[in-house]
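Residue numbers (the numbering used here), protein chains in the order written: chain A, 1 to 354; chain B, 1001 to 1354; chain C, 2001 to 2288.
Hints should not be assumed to be uniformly reliable.
[To be verified] Below, in silico cross-link-like pairs of lysine to any residue (SDA-like), each with a Cα-Cα straight-line distance of 25 Å or less:
id: 1; chain 1: B; residue 1: Lys-1176; chain 2: A; residue 2: Glu-192
id: 2; chain 1: B; residue 1: Lys-1182; chain 2: A; residue 2: Glu-330
id: 3; chain 1: C; residue 1: Lys-2008; chain 2: A; residue 2: Thr-102
id: 4; chain 1: A; residue 1: Lys-223; chain 2: B; residue 2: Ser-1326
id: 5; chain 1: B; residue 1: Lys-1182; chain 2: A; residue 2: Asn-331
id: 6; chain 1: B; residue 1: Lys-1231; chain 2: A; residue 2: Ile-323
id: 7; chain 1: B; residue 1: Lys-1289; chain 2: A; residue 2: Leu-194
id: 8; chain 1: B; residue 1: Lys-1309; chain 2: A; residue 2: Leu-175
id: 9; chain 1: A; residue 1: Lys-166; chain 2: B; residue 2: Lys-1278
id: 10; chain 1: B; residue 1: Lys-1298; chain 2: A; residue 2: Ile-199
id: 11; chain 1: B; residue 1: Lys-1176; chain 2: A; residue 2: Asn-239
id: 12; chain 1: A; residue 1: Lys-166; chain 2: B; residue 2: Thr-1279
id: 13; chain 1: B; residue 1: Lys-1321; chain 2: A; residue 2: Leu-175
id: 14; chain 1: A; residue 1: Lys-166; chain 2: B; residue 2: Leu-1052
id: 15; chain 1: B; residue 1: Lys-1189; chain 2: A; residue 2: Ile-323
id: 16; chain 1: B; residue 1: Lys-1300; chain 2: A; residue 2: Leu-194
id: 17; chain 1: B; residue 1: Lys-1298; chain 2: A; residue 2: Leu-178
id: 18; chain 1: B; residue 1: Lys-1300; chain 2: A; residue 2: Arg-182
id: 19; chain 1: B; residue 1: Lys-1060; chain 2: C; residue 2: Met-2091
id: 20; chain 1: A; residue 1: Lys-326; chain 2: B; residue 2: Ile-1202
id: 21; chain 1: B; residue 1: Lys-1113; chain 2: C; residue 2: Phe-2197
id: 22; chain 1: A; residue 1: Lys-294; chain 2: B; residue 2: Arg-1307
id: 23; chain 1: A; residue 1: Lys-121; chain 2: B; residue 2: Ser-1243
id: 24; chain 1: A; residue 1: Lys-283; chain 2: B; residue 2: Ser-1326
id: 25; chain 1: B; residue 1: Lys-1233; chain 2: A; residue 2: Ile-323
id: 26; chain 1: A; residue 1: Lys-166; chain 2: B; residue 2: Ser-1303
id: 27; chain 1: A; residue 1: Lys-294; chain 2: B; residue 2: Glu-1185
id: 28; chain 1: A; residue 1: Lys-128; chain 2: B; residue 2: Ser-1044
id: 29; chain 1: B; residue 1: Lys-1289; chain 2: A; residue 2: Tyr-282
id: 30; chain 1: A; residue 1: Lys-223; chain 2: B; residue 2: Thr-1305
id: 31; chain 1: B; residue 1: Lys-1107; chain 2: C; residue 2: Glu-2187
id: 32; chain 1: B; residue 1: Lys-1298; chain 2: B; residue 2: Thr-1338
id: 33; chain 1: C; residue 1: Lys-2008; chain 2: A; residue 2: Gly-68
[To be verified] Sample of chain B residues lacking proximity to chain C, with all beta carbon distances greater than 12 Å (derived):
id: 34; residue: Thr-1062
id: 35; residue: Lys-1263
id: 36; residue: Gln-1341
Since the hints were derived computationally from the structure, they do not count as laboratory data.
Glycine is no exception: its CB is placed at the ideal position from the N, C-alpha and C atoms.
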Amino acid sequence: MSLELKNVEKKIGIETHIYSTNLKLEKNTINILLGSTLAGKTTLMQIMAGLDKPTSGEIWFDGENVTGKEVQKRNCSMVYQQFINYPNFTVFENIASPLKITGVKPDEIKERVGKVAELLKLSAMLNKKPDELSGGQQQRTALARALVKDSDLILLDEPLANLDFKLREELREELPKLFEDRDCIVVYATTEPLDALMIGGNTATLLEGRVIQYGETLNVYNKPENLISAKVFSDPPMNIAEISKNGEMFKLKDNNVQWKSNVKIKDGNYKIGIRPHNITTYKEGNNSVEINGKVLISELSGSESLIHFTNGKLNWVSLSNGIQQKNIGENTKLFMNVDEFLYFDTNNRLVING
Amino acid sequence: MAKITLKDLSHSYLTKQSNDADWALRGVNIDWKDGGAYALLGPSGCGKTTLLNIISGLLKPTEGEILFDDKNVTALNPVERDIAQIFQFPVIYDTMTVYDNLAFPLKNRGLSKTEIDSKVKEIGEMLELTSTLNNKAAGLTADGKQKISLGRGLVRSDVNVIMFDEPLTVIDPHLKWVLRSKLKELHQKINRTMIYVTHDQIEALTFADEVVVMHEGQIVQTGTPVELFEKPKHTFVGHFIGSPGMNILPCEIENGQINFEGKIIPNNTSIKKTNFSKTQLGIRPEFIKFSNDGIKVKIKRVSDTGRHKVIDTECSSGSIKILANSSTEIPSDSAHITFEQKYTYVYGDDWIIE
Amino acid sequence: MNKTYNQKAWFFVIPVFVLVAFNAVVPLMTVVNYSFQETFGSNVFAWEGTRWFKEILHSERFHASLGRQFIFTFIILLIQLPLGIAIALTMPKKGWGVPVCLILMSMPLLIPWNVVGAMWNIFALPEIGFLGNTLNSLGFDYNFTQQSGDAWFTTILMDVWHWTSLVVLLSYAGLNSIQPAYYQAAEIDGASRWDIFRYIELPKMKKVLTLAILLRFMDSFMIYTEPFVLTGGGPGNATNFLSLDLVKMALGQFDLGPAAAMSLIYFLIVLLICWIFYNLMMKDEGRT
Chain A
1 MSLELKNVEK KIGIETHIYS TNLKLEKNTI NILLGSTLAG KTTLMQIMAG LDKPTSGEIW
61 FDGENVTGKE VQKRNCSMVY QQFINYPNFT VFENIASPLK ITGVKPDEIK ERVGKVAELL
121 KLSAMLNKKP DELSGGQQQR TALARALVKD SDLILLDEPL ANLDFKLREE LREELPKLFE
181 DRDCIVVYAT TEPLDALMIG GNTATLLEGR VIQYGETLNV YNKPENLISA KVFSDPPMNI
241 AEISKNGEMF KLKDNNVQWK SNVKIKDGNY KIGIRPHNIT TYKEGNNSVE INGKVLISEL
301 SGSESLIHFT NGKLNWVSLS NGIQQKNIGE NTKLFMNVDE FLYFDTNNRL VING
Chain B
1001 MAKITLKDLS HSYLTKQSND ADWALRGVNI DWKDGGAYAL LGPSGCGKTT LLNIISGLLK
1061 PTEGEILFDD KNVTALNPVE RDIAQIFQFP VIYDTMTVYD NLAFPLKNRG LSKTEIDSKV
1121 KEIGEMLELT STLNNKAAGL TADGKQKISL GRGLVRSDVN VIMFDEPLTV IDPHLKWVLR
1181 SKLKELHQKI NRTMIYVTHD QIEALTFADE VVVMHEGQIV QTGTPVELFE KPKHTFVGHF
1241 IGSPGMNILP CEIENGQINF EGKIIPNNTS IKKTNFSKTQ LGIRPEFIKF SNDGIKVKIK
1301 RVSDTGRHKV IDTECSSGSI KILANSSTEI PSDSAHITFE QKYTYVYGDD WIIE
Chain C
2001 MNKTYNQKAW FFVIPVFVLV AFNAVVPLMT VVNYSFQETF GSNVFAWEGT RWFKEILHSE
2061 RFHASLGRQF IFTFIILLIQ LPLGIAIALT MPKKGWGVPV CLILMSMPLL IPWNVVGAMW
2121 NIFALPEIGF LGNTLNSLGF DYNFTQQSGD AWFTTILMDV WHWTSLVVLL SYAGLNSIQP
2181 AYYQAAEIDG ASRWDIFRYI ELPKMKKVLT LAILLRFMDS FMIYTEPFVL TGGGPGNATN
2241 FLSLDLVKMA LGQFDLGPAA AMSLIYFLIV LLICWIFYNL MMKDEGRT
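Sequences are here, hints too, so could you generate the full structure?
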């Protein structure tokens, strides 16, 4: 069982919202659509569900062409960013609603709802109405309703975006466990790279209506095909600089920082991408190069410190462990881990990493 | 500028209170120095906005007193207390220009035209609004409008305290850090007491010298970001700060020692009292290491976030999360772990035992 | 998003279609038809072209009743808008006072319009009406059936009593949608009550007030039932507003042609002013 998009394109008037896309999602996989707000994730998901028709191209599910099929006839369920529940139904009735519509017997409904409710820790709330629940519990109800149907395709459109930071962490942890043993295809849209990394599975990076890269999550993260895919899959944003290579010596174009490396690429001009956690206030890795920075601010997030700094024209972010409070305007020494640099040629394609 | 003292402050929105849950704030005592940057951190519903409104005078407390510089201001209204407040969404006078918006509070206080002009220009420059001074305020972006709100508080030289009520709520995520650094910069420049209310630990820990963590109407811990991270005094603080939060697991106290999973855990506390209804062990994921000996755990899941690995493990007392370097070798099935003695804490009835 | 196209929905629309066609479209077309013709009774018609339109537009009688109408509407708007806003400002926002005030305000709007006219007719009678009697005993020489000034006074008073509540309810809704933070910020800024009204409340009520002006303009410009029952257009022609005059012409004199032409001109004037208002409203939408 697989979901395949063949040359799917979506145009509204003269604007192209989705450029010709080819994607094959296999059974029992979690597939993450990663991209910024207007990248086209929601449009793509609506086409997959059947809520919207592509302007051209086909959708094949389980070897059958379902392009024209209405969403009611496809076996899929969807969870949204806003906690969508029937306000007048109790939690039990909410979860049971898709089963009731298809005429499942009351005994079976009770059993299936009970199972899913336990999975999502809602067993104690079955008699409450959505407005009596907290945000996290409402979203769990929506999730339970999507799961109870045992659909072949489950679509989640930024389901954690409206939750408090801690609740997001909790629910994000539970998600992969919910989808084990379910023989379905899960598609999860998000703007946060951390979601993709924590959930695993496969990731497709999207930008402005195009799927830039699709593959196993860690693969897309460590070996981005091009600069765009690398940028989409970085939070905090990736630091980018132009460099030139001459023999073993590499030098940043805009200042005097230079280092030696055995990386096997031709001499010439390149761009490097450095993820913030590869620039730290302490030495890490076997090959590190120093860079001076004037601190713009240090943001502390519990266990880590994000230091925004400038060096000449460069405006970069570094991520170090521990709590490092720096004063604004302070000059500080930072270390870049050369082994983790990503090298891109002048066409923004990945040349080599590390 | 003022030193702020809160004495035995309690507040309820109901006219009659029958139990703890009827109180939004219970027995709050705070001593804040002049000119400091403070944050009130807590989840939705913990009472932080109530506390802020009591300090600013928009709400009169059911019980307790507020003192500015040792003077009792409990009965005074906001204007008489000389405070400024910035709200969750930008509050500006749509029909006025940016200049008139900033001048408004000064006009109402009867300052002369020349005085107003110099003050407005000064603050306009500080907030980088000079080029837009003559534009209609309604035409600015969300962060521009929040700056105007902030400006109206800063123009008044008689302001004792500036209060922020989750001011970055409407700001675009990728612009938040710009405004955060602006606020921090401002505080360093003008040195006035600032109180910042939020549920986002990054905002609180970055902005404040001292953070007040609140939970269900009470202050749970007050301290610097480092203190809150390294030694949480309450299990809630351990859980709320840090991503992922502290591991909190049930343990036994025997002969003044911690007994966890049948092993004695070395720690730096001398435990004298033993009559608690529950005792728990607290250790942050960052301070757990793999070893040849120690607590036996089963490895359930490993997530690679690029900058570190999050390892979900399970033992008979519950699940334990471990944060390890990306390069660390993770055993595949089961392993032994040890806790860093310095950061191992024990909690009785949720409060730290020292 | 492309929803699936459901043809069955058209069947639900057909009854409404038929009703509207019968009650609105057909009569309107009939009027247009009459406006270009002369009738001699017994359904005999002769084509007159644009004669009626030219006559009406040059007629003094038309100018007079149009003038009266504009003055009336202007005075009504001048009184009802500030009065309505002022009342809305004093209404409570919470507590048991809210439903009480809302009910009191809604009551005048629910009374059938001819009953309103009849009520005020009796109320204002110089000898036995409460208003009439009181005014006369206070020394005023009040008689709305004989003095034009008094007739205007009474008609305006009646309309204010009848319709100000609409402005009140709309303004109240507008005021209630202002978040408390604005008032709090103004309090902190040291703003006076007038400043709060001018810089916060009025701008935030703009949309609602535009609606109120539009509705009140249309209704007062087309006013018929109440003044008809109250004064019948008198004394003489004093309160002979546009629609009153129109009906007199059409039904009284049975000059269908001129009456039809006049009603079309009337219709076009209202349409024009509404279009101007609509564009003003939409212009502001575009700017924000």
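List of violated hint numbers, smallest to largest: none
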